[in-house]
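Participant: Chain by chain, the residues:
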Amino acid sequence: MTLLSVRDLTVSAPGGLALVDGVSLDIEKGERVGLIGESGSGKSLTALAVMGLLGEELKATGHVFFGNEDLFAASERRRCQLRGDAISMIFQEPMMALNPTMRVGKQVGETLRIHRGLGRRAAARAAVDLLGRVELPDPQRCAMMYPHELSGGQRQRVMMAIAISCDPDVVLADEPTTALDVTVQRRVLELLDRLVAEEHCALLLITHDLAVVSEMCDRVVTMYGGRVVEVGPAARMLTSPAHPYTEALLETSLAVSVDAPSDGVLPAIAGSVPAAGAFPTGCPFRDRCPRRTEACEVTPPLAGDGTHAVACWWPIAQPVAGTSTR
Amino acid sequence: MISYLARRVAIVLVSLFGASVVVFAVLGILPGSPAQVILGTQATPQAVRQLSAQLGTNKPLWVQYLHWAHGLLLGQLGRSYVSQQPIGPQIARALTVTGPLVLFALVIGALVALPLGLGAALYNGKVSGTFLGALSQVGIAVPTFVGGILLIIVFAVALPVFPSSGFPGWSQPGQALRSLVLPAITLGLVEGAILSRYVRASVLDQLHSDYLRTARSKGLSRAQALWHHGMRNAMVPLVTVLGLELAALIVGAIIVENVFSLPGVGQLLLNAVDNRDLLVVQDIVILVAAVVLVINLLVDLSYHLLDPRVRDEGQR
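Going line by line, the protein sequences match chains D and L.
Mapping of the first sequence onto our numbering: position 142 corresponds to residue 142, and the numbering continues sequentially without gaps.
Heads up, our numbering is the position in the second sequence plus 1000, with the first residue counted as 1.
FYI, nobody ran anything at the bench for these hints, they're computed from the structure.
For each residue, glycine too, the CB sits at the ideal point set by N, CA and C.
Heads up, a few of these hints could be off.
DEER-style ranges, computed between Cβ atoms [claimed, not checked]:
| # | chain 1 | residue 1 | chain 2 | residue 2 | range |
| --- | --- | --- | --- | --- | --- |
| 1 | L | 1173 | D | 138 | 41 to 47 Å |
| 2 | L | 1003 | D | 59 | 50 to 56 Å |
| 3 | D | 119 | L | 1123 | 33 to 39 Å |
Generate the whole structure from the sequences, applying the supplied hints.
Facilitator: Shown next, in the form of structure tokens:
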């Protein structure tokens, strides 16, 4: 059964501007889904909307089903019960996301106190165990420290300890390594990979690092301009993507991971992500797309077989009308 | 921590020394000798000289300063030029009015500021929040003496609930407290209105902080998250403002005591200025300066209790 199902999620700014526009995506029990796209594609907002933690000024419509329960129809009380227990989240910036004036152990144990009714001491002991599980050296001492006394990587491990403390069914990880030094990114991801495997929980991994997605995820969802433009199995999408945007992301990330190109120029996607509200009508990517035609002025629907779907009038498997095959 | 404390105390002492020099110099270069003022315009030059010698005001300024400073260090504030009474007990008596008045006003200020600021922050962007914000603006805009006179008109004249002036002394505690109510409200409302702006800003900062979102992602409600994770962090900027506000309250008390005819430090100071009782003025000003410096010291130390990051910096 589908664990988490987002249906026609729209997040709009005060003026009615849609920042996330009709996003649907499913996460099966224990499945790992990578959510990719440049900054400003609406990935984080999608995750926050699932958590019910969008800023007050933003309005979310649509449905988020957790099992059979529509979270958008649930009471705030019920949502609080699920948050941190069944659904947890790892945030991007661990320095900002941890309370600077509370000891680490207390912050980790807090979730257990809320959902498992643990007392102060039991929570403190459990917190030390959790800090050990996320491979922090000397967890006993770490528990007594404040976040500013830890390194960036250690702080993100603390965030992970918080996220897994109540054996969640799904973890939403919002670019968990973006704010970290490149040297520790890999180890933090390996830890996340192992924890998710041990807990048998599902993972929504938001990232723009496709190498990570190819190693860790079963399926991939590409977002652009607040919409899902492609969704499919990781193995297939990362070898033969159908959407030009996924392909462009893939090219840029391959160039970074392989040795520097001989001409010294890194490939980049033409243009830049427009500001919210400045996306073109029709296909949001058409201004930057090498395959665009007049047809792209009409919004393409997300269409495909049961496993692989793409929102493009000229997916890469097909030739573009009037030009030669690439 | 110890070396930090020693450093801070040293700064307070140096500041006090500076303040004493400035106070003494400014009052010392005022024209007209105290003896002349006491004896009046009809006095013979000889009588004035004689009194000056008796008061010690004929000596060079630096000798007078050393004499005064030496007395201060020993806790001796000297005798009033005018009444010949020792100044220390006079100030001590006045403090039994001003001290409770300032504390009372501070409590009222906090009672106004916390709900007003918290409400304005929680309902930010909604009509009720804007209304609460506007209310605090009105409170800030009304000057202390106008607010005081309005309160007298309403609660002492129209509805005689509280006395409009005077102070019966602490031998009648109930009456004494009642006579402090209106002055304390006058003082406290303005400070509370100002403080509420800071409370609002500080709480809003917390509400938008990433760690409050993390707290909510653990399953805490908005109010719980604010209480458990926001309050301590919100206090850090508020304590600074509270220290400044307390200093402002002490200064504001001088005006309010005169509006309500309370025999406090403010009234003592104004009377001393009127009578050119310079030594009393010097003593009061240096005492107020000392109190303000000590408050600032306490504010600095409180950061160490509230914010572990500051604590670590202090150790370096």
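Participant: Could you say whether the range 33 to 39 Å given as a hint is met by the Cβ separation of residue 119 of chain D and residue 1123 of chain L?
Facilitator: Given a distance of about 35 Å, which is inside 33 to 39 Å, the answer is holds.
Participant: Kindly confirm whether 50 to 56 Å is satisfied by the beta carbon distance between residue 1003 of chain L and residue 59 of chain D.
Facilitator: Once the Cβ atoms are compared, 54 Å apart, the range 50 to 56 Å for residue 59 of chain D and residue 1003 of chain L holds.
Participant: Given a hint of 41 to 47 Å, does the C-beta separation of residue 1173 of chain L and residue 138 of chain D actually sit inside it?
Facilitator: violated (58 Å)
Violated hint: 1 only; the structure is consistent with all others.
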